[in-house]
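Protein chains: 2
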Amino acid sequence: MNQSSNGTVEDTLNTRRVAIDTYRENVAYLHRDCAIYRAEGFQALNKVAITNNGQTIYAVLNVVDDPNLVGADEVGLSEQAFTQLELDEGATVRVAQAEPPRSMEAIRRKIAGDRLEVEDFRGIIDDITASRYSKMEIAAFLVASGPGGLDREEILHLTRAMTDSGSRLDWHEPVVVDKHCIGGIPGNRTTMVVVPIVAAHGMLMPKTSSRAITSPAGTADTMEVLSEVELSPDAMHRVVRRERACLAWGGTARLAPADDILISVERPLGIDSMGQMIASILSKKLAAGSTHLVLDIPVGPTAKVRHMREAMRLRKLFEYVGDRVGIHLEVIITDGAEPVGRGIGPVLEARDVMQVLENDPDAPHDLLQKSLRLAGRIIEFDPDVRGGQGYAIARDILESGRALSKMQAIIAGQGAQELETTPGQLTEEIVADCDGTVVAIDNKRLAHAARLAGAPMDKGAGVDLLAKIGDTVRAGDPLYRIHAEFRADFHFAVAYCREDSGYTIGEPDQISRLHMEL
Amino acid sequence: MNQSSNGTVEDTLNTRRVAIDTYRENVAYLHRDCAIYRAEGFQALNKVAITNNGQTIYAVLNVVDDPNLVGADEVGLSEQAFTQLELDEGATVRVAQAEPPRSMEAIRRKIAGDRLEVEDFRGIIDDITASRYSKMEIAAFLVASGPGGLDREEILHLTRAMTDSGSRLDWHEPVVVDKHCIGGIPGNRTTMVVVPIVAAHGMLMPKTSSRAITSPAGTADTMEVLSEVELSPDAMHRVVRRERACLAWGGTARLAPADDILISVERPLGIDSMGQMIASILSKKLAAGSTHLVLDIPVGPTAKVRHMREAMRLRKLFEYVGDRVGIHLEVIITDGAEPVGRGIGPVLEARDVMQVLENDPDAPHDLLQKSLRLAGRIIEFDPDVRGGQGYAIARDILESGRALSKMQAIIAGQGAQELETTPGQLTEEIVADCDGTVVAIDNKRLAHAARLAGAPMDKGAGVDLLAKIGDTVRAGDPLYRIHAEFRADFHFAVAYCREDSGYTIGEPDQISRLHMEL
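Respectively, the protein sequence lines represent chains A and B.
First residue of the first sequence: 57, per this note's numbering; consecutive thereafter.
First residue of the second sequence: 57, per this note's numbering; consecutive thereafter.
Errors might be hidden in some of the hints.
As the list claims (entries may be wrong) - If you want a taste of the chain B side facing chain A, the calculated C-beta under 8 Å gives, among others: (1) 119; (2) 160; (3) 170; (4) 174; (5) 200.
Quick caveat, the hints were computed from the structure, so don't treat them as lab data.
The beta-carbon is built from N, C-alpha and C at its ideal position, and this holds for glycine as well.
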């Protein structure tokens, strides 16, 4: 606000670039002597609305006392804000106090114990998508709709609101398949085996995956060892048209954008809400144009879902919402007692996947079996396949080498990586401290060890399992090998694993497997 | 982390001052090329622990791409962080990833529906006091312990945990009195009348008050028109010893520090939780060494508490917790239908207070009566005063001029303001648009108007009421006068009041007064 000599008021400021990255949260920097800061009664950390050419973004206010950073007639903004407002540095913008988002009223009703309607959820999701919510307002929404906070109708409303918050793909085919695992199991790279099998069968499976956020590798990180994964929409469609499938990173498409914002608060808080998870997964799948979905719910003492009864409740909720939003959905409950395959970390997991596709006799058996089972269920979505025949068809495709050819074609289509990446050269074996049988492996501890070693940022870093549940070991036998590329990471990981290997060695009858649907 | 040639690792960085004020939230700025940022797998907006000489503070991480702000071997910190760590610029500190606060586990249990024990609340409050919580973690706690979230035992636990989180004053006297209003009524400056009356009676009333956060004036802002309010502990004790009372700002003492942090999230979220409010008020009073407390709960359609039944529930909860933490507590439910007195804003409210103390026949009657009633109840805490005699004693003290003398002595003791401040010179009267009786005044709208006019920052800004509920007006009669010091503020306030004056004019029988305890 520049007060001119005749007393009229202009509420504009010049923009200035501030090279501070605040990760998905816009920050506006105003000098303490800025007239608009004083006049509007702004307070640090409140939200302000910044408008240019009819477009508005919302930002958290930080107050600056250093004129080298921003002057009294300037507003400092991050690169991201310049992009969102399509601004050049120095352009003028209007800055005003942001009204609290209107939908907070619905959240306050939810906190007070009310049931919300679909319009309430639409208002909330629209405001979140428009960045009108601060992190703490998002946290309030997540906690208010946490365990027991949403009934199944509300989960359905939320799913619909989230699906409608972004764009939606249409593949113009009656059957577009997808698979999803609710996560928490390191090394679980079945997607990279399932996609080529299903595509070789002729079904459409345009798979997009995430990168790791808290895990040592996402499917996108692992596929990136073999090929490009950051595809333009055009490039992705070209690969899918030719190969019936792709294995790309899903991060650039604006599908269900509210979800990414919710996750950026949910993860650091460590709060898991069934309702949020169901809405998040199904809205993403619907937005991606999927019509048929196989959902993998691993159960185990150190998995995300720890008890069979919890898995069953989750399955019923997925089925209820899935049926009503019009997606064909099969839930498969799997063994989540230990990591899948041997490698944990992008290069090591890519090696496991290729061993399975190449029919290598040394290929990890659990990754092979689980992949066939999931691929088989997806193949049974094909109207021409008889119920119960999917597994055999999947096995034939794999054993005939057709899955490998398909994978090679997908890699070539996406752009093969020119340099072969190898496991990290700094290695250390963690050994058994007594004789006995491996009776438990802590998924969380092994995942954390692989992350400390440098995964997923250093592709070759991670952990390679040399013994799994049921194996007999003697004191001094190696349990797993740590791979790292940098000395500091290596030391952190080795120290962490020496403190507690994450393996429990005991008597064979201590192995408690859940009764799995197989 | 500086990696030296022989491969050993030092996890220290040089400190650099960054003049960005983030209001009660520490921020650490690391350059994207900083080795420690990369190696530790930090993520922007996560918390980091910064340690110097065994003392640790926690800060939110912002990633910087501008070497002029911080270099790769530096960590940028705000002034506040330098003070907390007792650092000189350039000193080295250790920077590490902050573990999530351990007590978040209790909050997750609370979200899942568990009852928490006193140890859980102690852990939460200790972590909040140590700044281990992010704003969103605090929001999670507030929502999880929101309406219906805490039973009365849990409120008691929370009160105890908050009381123990800071230092506690001891006045070495058996009766230390205090008063508190739960707020929401503009112009409600009874404290400045009550304190001199009670002190003139000889009781100890070392009153500390807050400044306005969302209201147009706090008691500290109003008292500051007359005297200094930011007293050192020594100066405050000197005044209290001599006058038996003070009227100081409470902001500098570290009493129940967790409360300030909780409020910094609660207010912008606009969530009000009875449990949090009770714990907040009682812990502050206990920490300030009060033994006897009169609590004012105004009830009215635009007050914080809107219904008598809500006021009654609040009263019972206050009594339950108060009795168990050992504070003598009287709850008084008062009329919160309209602002108290005439002035809204520091100078105008100070004028009302002085009119009452000076026995000016024009003094606002409601401020006078309410002050006498509250002072009377406090005086009855005196063991030598017979129940029911307090009001008459208070009235005698006021009418005799002893309250005025006491106020003058307190002002002189704290340091009288040298310059007399006057109401803002830019004025505009808002008038009635029809004939009739004033039947309602919107507390929230009038408070907001006074804020827009510049209160509390501009002491003379605010609103002066010229008609109150029950008054008969004719179209064109003035309802209130806006005072401002700056043109921009003045225009904002006038435009806002012209849009809606906040007054309802109708028939006398539309006035709905709640049945008040009197």
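Right, here's what the structure says about each hint:
1. 119: Interface hint status for residue 119 of chain B: holds (4 Å vs cutoff 8 Å).
2. 160: Hint on residue 160 of chain B: holds, closest Cβ of chain A at ~6 Å, below 8 Å.
3. 170: Cβ of residue 170 of chain B sits 10 Å from chain A, so the hint is violated.
4. 174: violated (22 Å)
5. 200: Check passed: Cβ of residue 200 of chain B comes within 5 Å of chain A, closer than 8 Å.
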